[in-house]
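A.B. asks: Could you build all of it, start to finish, from the sequences and the hints given here?
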Amino acid sequence: MIKSSKTRYLILFCTFFWCALHNSFAWDKILIGFLLALFVNFLYRRFLAGPSSPSHSVPLSVLWRYPFLLLAQIAKSGFFTARLILQNDVAPVLAILPCRLKNEWLRTIVANSITLTPGRVSVELTADHYIVLCIGAIGQNPENLYRQIAEPFETLLMKGDTDA
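Just so we're on the same page, our numbering is the position in the sequence shown counted from 1, plus 35.
Think of the hints as simulated: they come from the structure by calculation, not from any bench.
Any given hint could turn out to be false.
As the list claims (entries may be wrong) - Taking lysine-lysine and the BS3-like style, the derived pairs with C-alpha atoms no more than 27 Å apart in a straight line are: (1) Lys41 - Lys137; (2) Lys41 - Lys194; (3) Lys41 - Lys64; (4) Lys194 - Lys111; (5) Lys64 - Lys137.
C.D. replies: And the structure:
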């Protein structure tokens, strides 16, 4: 029934996540979580995944490190944004940042991660750049902005960019 080991791990992870959300590892919660994970997997394979669907596989090391990188960037940006607000030095700027990833899915992850960091909003994403609304960027050169905003995410995700 369950064909690949990746699918087994995904179903186990979804079951564990379901139980964690319910704050209970009772047998009924485990069973419901397992059945829901099977059902979602079935729906995905039946209606969304096809022979022409793109692969979104990323190395496991990247998947483990990305949440920590995201939290660190959120904290760093939060302190920077709070300092700007307390100093009354808020100056919104639209910045055009280069995009070095080729995989559209990974570019979308970076754009969403930029939006999650305080003081920054991804406005547009194209094949070769991000347009980001950020505060406190007046007078900064675009390469420095790229190094602060997008490069940490892209550097890690380049290990999973099979299109590059």
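A.B. asks: So which hints don't hold here, by number, going up?
C.D. replies: Hint check: 5 fails alone, others pass.
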